[in-house]
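Asker: Build out the structure end to end from the sequences listed, making use of the hints.
Here are the chains, one letter per residue:
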Amino acid sequence: MSTASTTEHDAAHGHEHPKWLAHHFDSPTQQFDSAKLGMWIFICTEILMLGGLFVAYGIFRGMEPDVFHHAHEHLNWRLGAVNTVVLLFSSLTAALAVRQSQVGDRKGTTNYLVVTLLCAAVFLCVKYVEYSAKIEHGLLPGRCFGHPGFADHCINAGASVMPAAVHGLTTRASMFFALYFMMTGIHGLHVVIGMGVLGWVLWRNLRGDFSKEYFTAVEIGALYWHLVDLVWIYLFPLLYLVG
Amino acid sequence: MSTHGEEELNTNYLKVGSGVKSWLLTLDHKRIGVMYLVSVILAFFLGGVFALLVRLELLAPGRTIMTAAQYNRAFTLHGAIMVFLFIIPSIPAALGNFILPVMLGAKDVAFPRLNLLSFYVYVVGTIFALFSIISGSVDTGWTFYTPYSTSTNTSVVSMTLAAFILGFSSILTGLNFMVTVHKLRAPGMHWRRLPLFIWGMYATSIIQVLATPVLAITLLLLAMERVFGLGIFDASLGGDPVLFQHFFWFYSHPAVYIMIVPGMAVVSELFATFTRRAIFGYFAIAMSSLGLALVGFLVWAHHMFTAGISEFAAMLFSALTFLVAIPSGVKVFNWTATLYKGSIWLTTPMLYALAFLVQFTIGGLTGLFLGTLATDIHLHDTYFVVAHFHYVMMGGTVMAFLGGLLYWWPKITGKMYDEGLAKISWGFVFVGFNATFLVQFIMGSRGMPRRYYDYLPEYRPYHAFSTVGSWILGVGFLIYAAVLIKSLRSGPKAPPNPWGSAGFEWATESPPVLANFKDVPTITRGPYDYHLVTEEELFDGFPEDAPKKA
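Taken in sequence, the protein lines are chains A and B.
For what it's worth, our numbering labels the leading residue of the first sequence as 1, then goes sequentially.
For what it's worth, our numbering labels the leading residue of the second sequence as 244, then goes sequentially.
Calculated directly from the structure, the hints in this document are not laboratory data.
One or more of the hints may lead you astray.
[What the hints assert, rightly or not] Heads up, incomplete: computed chain A residues facing chain B, CB under 10 Å, no partners named: (1) G38; (2) G51; (3) V126; (4) E130.
For glycine and all other residues, C-beta sits at the position ideal for the given N, C-alpha and C.
Answerer: And the structure:
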C-alpha cells in the first residue's frame with residue numbers, strides 16, 4: 001500500500017494514514033496528544049463541578065462541627081476503608097492495563113481491565129449495602145430525614161412531611177447526610193460511567209483495535225478512572241473520618 | 244466514522260452528500276456550525292418575541308396585554324432563552340465552529356464526533372426548555388434565586404435541567420476548541436500569529452470549561468432541593484440561600500464573559516479587515532482576552548452587594564470589579580487606535596463593529612457605577628442594571644454577532660448579500676436599540692425597579708419611549724432576516740475574498756472545501772500583516788479574473 005497507490009493527499013502529508021488515524025490529523029502523535037489533552041481538560045471540568053460540593057461541605061462543617069461529628073458516627077468507616085483499598089487497587093490495575101497495551105500485550109490488557117471492572121463492581125456492591133442501611137435507618141436527607149425507608153412518600157411531598165430527629169441526631173444532621181448522599185452519589189455515578197468507558201475499551205481491545213502504535217483509548221479510559229479514584233481519596237476522610 | 248475519499252475532501256462542503264441525513268449525521272465542523280447557526284437564530288427569534296411582549300406590557304401602567312403572572316413568565320423566558328439558548332452558543336458554537344478551524348488552517352476541530360454530540364446535547368437541552376415552557380413555564384427570572392425557586396409551583400426542575408444539559412454542550416464545545424487551538428494549528432501558525440478571533444475563542448473556552456461545571460452542580464442541587472427538600476439552600480435545615488447566589492454567580496459572572504469575549508473577538512477581525520491595516524496592539528488585545536477570563540472569576544459577589552454579604556467582602560469584590568475595566572479599556576483603546584489613519588471601508592459589518600465600540604463603551608462604563616458600593620445600593624435591581632446589561636450583551640455581543648454573520652456570510656454560504664438593504668437594517672437596529680435602552684438608564688437612576696409588572700405614572704413616558712424603540716429594533720431584525728433570505732435565494736456568487744482581507748480564512752474558496760484547504764497551508768506571516776501580503780492574497784474578485792502576473 002505504500003508505493004503503488006500513493007495519492008496526492010498522502011504525498012502532501014509525506015506519510016501514510018493508518019486506518020485508525022482520523023483524516024484531520026497529520027500524525028499519530030498529534031492525535032494521541034489531542035486526546036490526552038482533551039481528557040485532562042475534561043478532568044479539570046469534573047474537579048470544578050465537584051468543587052461546588054466540597055465548598056458546601058467546608059462551609060457547613062465549619063458552621064456546625066459538632067453536628068457533623070455526631071452524624072458521621074452513623075457511617076461505617078470499615079466499609080469505607082474497604083472501598084478505598086478496592087478503588088486504589090483498581091487504579092493500579094488500570095495503570096497496568098495501559099502498560100500492557102503499550103507493549104502490545106492484548107491478553108494482559110484484557111486481564112487487567114477485567115480486574116479493574118470487577119473492583120468497580122465490588123465498590124458499587126459495598127456502596128449499595130451502605131446506602132440501604134442508611135435508608136432503613138431514616139438517614140435520607142431533607143424531608144425524608146427521620147422517616148425510615150421511603151414509607152412516608154417524603155419525595156416531592158412539600159411541607160406536608162417535615163424532617164424529624166432520629167437516633168439521637170437533631171434535624172440539623174440532615175445537612176451532613178445531604179452532602180454525604182450528593183457527594184457519594186455523584187461519585188457513584190462516575191464509577192458507573194467509568195465502568196461504561198472501561199467496558200467500551202475492553203470491548204475494543206477484544207476486537208483487536210489496539211497495538212503498540214495505537215492505544216489511545218486505553219490511556220484515556222484509565223486517566224478517567226484515576227480521577228474517579230482520586231475523588232474517592234478525598235471523600236473517604238472528609239465523610240468517614242470526621243473527628 | 245465515515246472516511247472521505249480524496250475527491251470528497253476537495254469538494255465544496257455544501258455539496259458533499261445531500262439530503263437531511265448528510266446534515267444530521269455530519270462530522271464536518273462547517274455543517275455543524277451551520278446547524279448551530281440555524282438553531283441560535285430560531286432561539287433568538289423566540290427570545291425576541293418574549294422581549295417584545297414584555298415591552299408591550301410595559302407600554303402603559305397597569306394591565307396592558309397580560310396578567311402579572313404571565314408577565315413574570317414572559318421575562319423569565321426571555322432571559323433564560325436569550326442566555327442559555329442564544330447568546331452563549333451564538334458566536335462560539337455557530338460562527339466559531341465554522342471559522343475557527345479554517346482560520347487555524349486545520350481540517351476540522353480536534354474531536355468531530357464530540358462536536359456533533361455537543362450539538363445534540365444542545366438540542367436535548369432545548370427540548371427540555373420548551374417542555375418547561377409548555378408545562379406551566381417558569382417565573383423565577385433566569386437567575387433561579389432560592390428560596391423562591393424552591394417554593395414556586397412552576398416547572399423549575401425541567402428548566403434547570405435544560406440549563407444543566409445546555410451547560411454540557413457549552414463545556415464540550417469549549418474543550419474541543421481548546422484542544423484544536425493547541426494541537427491543530429497549521430505549520431507556521433505559532434501563537435504570535437493567531438488571529439485575535441482565535442485568542443478570544445480560546446479565552447472563552449477556558450471560561451466555559453472551568454465555570455460551567457459549577458453551574459451544573461448548582462442547578463443539580465437546586466433540583467434536589469425541590470424534589471427532596473435537601474436543605475443546602477434552606478435556612479430552616481441549616482442551609483443558606485445566599486450560598487445559591489454565590490454558586491450561581493461563580494458561574495454566571497464568568498458566563499457574561501463567555502458572552503462578551505467572543506463579541507470582542509469578532510470585532511477585532513472586523514476592525515482589522517475594514518481599516519486595511521495591522522491591528523494596533525495585537526499582543527495587548529490577545530492578552531486582555533485572557534485577562535478578562537481570569538478576572539471574570541474573581542468578581543462574582545458584586546451581584547450580591549445587597550444580599551447580606553459582609554462589608555469586607557463587598558469592599559474586596561468592589562475593588563476587584565474595577566480590574567475588569569483594565570482589559571476592557573485596553574481593547575477599546577486599541578480598536579480606536581486601529582481606526583486612526585486606517586483606510587476605513589464602511590461596509591455593514593464595519594458599521595456593526597463601530598456600533599459595538601460605542602455601545603460597549605457605554606455598557607462597560609456604566610458597569611463601574613454598579614461596581615461602586617455606594618451607587619450600587621441606589622441602582623441595584625433598577626432599570627439601570629437592565630440597561631447596563633443590555634448595552635453590553637445586545638449593544639455588544641449581538642452587534643458583533645450580526646456583523647460577524649454578514650462578514651463571514653459569503654464564506655459560509657458562498658453568496659453575497661444586498662449591502663444597501665443590510666445598511667438600512669443596521670440603521671433600524673442601531674436607532675431602535677439605543678431608543679429602547681438609553682432611556683432605561685434614566686428611569687433606572689430615578690428608581691424604577693426591574694422586573695416590576697406595574698409602575699407609577701411618572702415613569703410612563705420613559706416606558707412608552709422604550710417600547711416604541713423595541714418596535715424599531717424589531718423592524719430592524721426583520722429587515723436583517725430579509726437580507727439573509729434574499730441572499731440565499733438570489734445572492735450573487737461570492738469570490739474567495741470579497742473583503743480583500745489578509746485573514747487566513749479568506750485564502751480558501753467560498754464556501755470552503757470539505758478539508759477547508761486543498762493543500763495544507765503554510766503560514767508565513769501574521770493575519771493582519773497588510774505590509775507583507777501579496778496582491779493575489781488581497782484580491783477581492785474571482786481567481787479566474789485575476790490580473791496575470793507580469
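Asker: A separate judgement is required for each hint: does it hold in the structure or not?
Answerer: Results for each hint:
1. G38: 5 Å, holds
2. G51: Check passed: Cβ of G51(A) comes within 7 Å of chain B, closer than 10 Å.
3. V126: 23 Å, violated
4. E130: This hint is violated: E130(A) lies away from chain B, its Cβ roughly 18 Å from the closest one there, beyond 10 Å.
Of the numbered hints listed earlier, those contradicted by the structure are 3 and 4.
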